[in-house]
Amino acid sequence: MNIGFISGKGGTGKTYLSVNLAARVKGSLYLDCDCEEPNGHLFFRPSIDKRHIVNACGVSIDANRCDGCHACVDFCVYNALAMARNKAMVFPDLCHGCGGCIRICHMCAIEEKPQSIGVIMQGHHDDHGVFSGFLNPGKESAVLIIRHIFSLARTWGDGYFFVDCPPGNGCQVMECVHHCDYIAIVAEPSIFGLSNFKMTVRLTESMGKRAAVIINKSMGDDDLIVDYCREHHLPLVGTMPFDRALAHINNEAKIAVDESFEYAQIFDDIWTRLKSEIER
Amino acid sequence: MIIALPTLGNTLDSPVSPQFGRTPYFCLYDLESDSVRFIRNDATESQGGAGVKAADLIVNMGVEILIAQNVGEKALHVFRQSGIEIYVSRANHITLDIERYKSGKLTKIISSNPQ
Amino acid sequence: MKKILILSGKGGTGKTTITGALARLLRVEYVVDCDVEAPNIHLLYPDTILHEIAPYYGLDKAWIDPVACTGCGSCFSACRFEAIHPHQAHFVVDEMACEGCRVCQLVCPESAIQMKKVVGGKIFACFGTPNLYSAELKMGSGNSGLLVSRIKLQLDEHIHEDAIALIDGPPGIGCPVIASIKGVDFIIFVTEPSYSGLHDLERIFKMVKKQCIPSAVIINKYDLHDEITQSIMDFAEKESLPIIGKIPFDPSVVHAQNQGKTMLDASYSINQSVRESCDKLKQLID
Numbered sequence: 001m002n003i004g005f006i007s008g009k010g011g012t013g014k015t016y017l018s019v020n021l022a023a024r025v026k027g028s029l030y031l032d033c034d035c036e037e038p039n040g041h042l043f044f045r046p047s048i049d050k051r052h053i054v055n056a057c058g059v060s061i062d063a064n065r066c067d068g069c070h071a072c073v074d075f076c077v078y079n080a081l082a083m084a085r086n087k088a089m090v091f092p093d094l095c096h097g098c099g100g101c102i103r104i105c106h107m108c109a110i111e112e113k114p115q116s117i118g119v120i121m122q123g124h125h126d127d128h129g130v131f132s133g134f135l136n137p138g139k140e141s142a143v144l145i146i147r148h149i150f151s152l153a154r155t156w157g158d159g160y161f162f163v164d165c166p167p168g169n170g171c172q173v174m175e176c177v178h179h180c181d182y183i184a185i186v187a188e189p190s191i192f193g194l195s196n197f198k199m200t201v202r203l204t205e206s207m208g209k210r211a212a213v214i215i216n217k218s219m220g221d222d223d224l225i226v227d228y229c230r231e232h233h234l235p236l237v238g239t240m241p242f243d244r245a246l247a248h249i250n251n252e253a254k255i256a257v258d259e260s261f262e263y264a265q266i267f268d269d270i271w272t273r274l275k276s277e278i279e280r
Numbered sequence: 281m282i283i284a285l286p287t288l289g290n291t292l293d294s295p296v297s298p299q300f301g302r303t304p305y306f307c308l309y310d311l312e313s314d315s316v317r318f319i320r321n322d323a324t325e326s327q328g329g330a331g332v333k334a335a336d337l338i339v340n341m342g343v344e345i346l347i348a349q350n351v352g353e354k355a356l357h358v359f360r361q362s363g364i365e366i367y368v369s370r371a372n373h374i375t376l377d378i379e380r381y382k383s384g385k386l387t388k389i390i391s392s393n394p395q
Numbered sequence: 396m397k398k399i400l401i402l403s404g405k406g407g408t409g410k411t412t413i414t415g416a417l418a419r420l421l422r423v424e425y426v427v428d429c430d431v432e433a434p435n436i437h438l439l440y441p442d443t444i445l446h447e448i449a450p451y452y453g454l455d456k457a458w459i460d461p462v463a464c465t466g467c468g469s470c471f472s473a474c475r476f477e478a479i480h481p482h483q484a485h486f487v488v489d490e491m492a493c494e495g496c497r498v499c500q501l502v503c504p505e506s507a508i509q510m511k512k513v514v515g516g517k518i519f520a521c522f523g524t525p526n527l528y529s530a531e532l533k534m535g536s537g538n539s540g541l542l543v544s545r546i547k548l549q550l551d552e553h554i555h556e557d558a559i560a561l562i563d564g565p566p567g568i569g570c571p572v573i574a575s576i577k578g579v580d581f582i583i584f585v586t587e588p589s590y591s592g593l594h595d596l597e598r599i600f601k602m603v604k605k606q607c608i609p610s611a612v613i614i615n616k617y618d619l620h621d622e623i624t625q626s627i628m629d630f631a632e633k634e635s636l637p638i639i640g641k642i643p644f645d646p647s648v649v650h651a652q653n654q655g656k657t658m659l660d661a662s663y664s665i666n667q668s669v670r671e672s673c674d675k676l677k678q679l680i681d
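Protein chains in written order, with our numbering: chain A, 1 to 280; chain B, 281 to 395; chain C, 396 to 681.
FYI, nobody ran anything at the bench for these hints, they're computed from the structure.
For each residue, glycine too, the CB sits at the ideal point set by N, CA and C.
If a hint is listed, it holds; no wrong ones were tucked in.
Sample of chain A residues with no beta-carbon within 10 Å of chain B, all distances over it, derived:
no.	residue
1	ASN64
2	GLU111
3	GLU112
4	SER116
5	ASP127
6	ASP158
7	GLU205
8	GLY208
9	HIS248
10	PHE261
11	ILE266
Part of the chain A face toward chain C, derived, beta carbon under 7 Å:
no.	residue
12	HIS96
13	ASN169
14	PHE192
15	MET219
Working from the sequences, and respecting the hints, build out all of it.
Shown next as structure tokens:
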């Protein structure tokens, strides 16, 4: 059971909620799919069991064979190839690995060469599995890494998988949502939060996923979000108040539920309600 | 010998473009015949790698000297491989920059950020 | 024109909030929202009405003519993006997964595949004080880097002006961020005192460093954690990044914004600290 934590807006508390809920559910798995800026490992400080390098397709060019015909440069829509002194050269950062140039080269001068785009750290913390994806700086998209994280997670067996998704509503979020069975939307009661929350609700609805809402950083007046949830028949399963002491713990990358019984209780309550919505 | 400059328009009074890859036009000046022509830069429409595409175009046109304000890392790499020399535009003006080049007053670009 | 980009790596550190306040203090002529996956800056200008100035087309997407398709499957096995699926006796393209590479078109023996233009989003503008540019990516339109480049291209029409443009950047370090950095004159990193904030600042700085663009740091909500604020200052010192401001945490910032005001109206201490940051920024960009 993959539960995706998404929000549209950044910094609403996806990592905070997914980490703390995962920490309260025995034998659960935490998957950090925010590969551009993964932070869950800072909280779990997992013992690393395995490193998986994620490769995308890339190409290499044999300059001795290249006759400078320019066909590969013309074909590449990503502009990953250029011609210099009548020899083709490739820019791996721009290559999407479609394989078109390999097919079009009549001299067979281009061959496939995997290029690393990132790494997945597989580890554990107590009885929790912790998988974190890291995109190499300068690489454009982490979609492949996300896909790989989910395929690794399948080998873990059954149980609840807490998926910490990237911010935004783009291709990486959609890749995550696609793999998730249920969505937990983390909303912030501000005009920014509401605007991005609406986009996120549209995204989950259009992908046909069931979802529940958790409000974070509440300062007492949550009408903006609550009203929208009611209109869209979205269950609200928890409201986290803004709390300086909690923020302090979270800023230190500590797991709040491990710090005090009171915090554990708050997250247990949210989990009970979220779980009953999932099982409904 | 052909000198190229990225330009915002296709007339001699157009300023030199601050961007290389996504410049709308290139001015091509032929030193021997003292003639000028402008070509459109299709790379502006590119999703990514506009610099590489524009560099490939310049190489294809047989350019030997480029005068620009900024050239990205990847385009610079293409020019290095091709042996094209790049100079920093100081006047932001086509004819003034060419004059300055002729009198040896322009500096060569070595790294991708001349500042 | 001076283009100043606001970045953070981590989301929710206050990029948009601070962009709005600086825009007012600097009386900037242009404000650009490059967070095309979650655009927000127009909300700071409740009286402005954005109108669409241009549609945005991403890369063309493949389309298989069901009449011409014989169902041979060449395209299916050639596609590296899992974008082609069998459907009854022939094959169809999943537009969301298609990256427009044209390999399917290349291999199709029946010439049954065409590339089609697909609207991937919209660019909006509102001309006033300041001039606002914003954009919205259509859901699932993939690569937002090009859309970011497109909005920034709007600025180039005003290139001769002695004006300032503030650009609110996207979170992360991926393609939209890479696109937002191109051609800017100055970068402000807005961070917050959390390990996540610091970690993300280090990651994004590593990427930006190579480009030698003058930059500075603003620590937002700095009083939420003194030690981590100190760690951020140590990091900045090590990298010779000037810290131009430290803004305290104050719940009234959210209240002010919810009422359509900026953080400058929140409280005296907030107002003062933002003004200080702004003065230091002015010194650095002049």
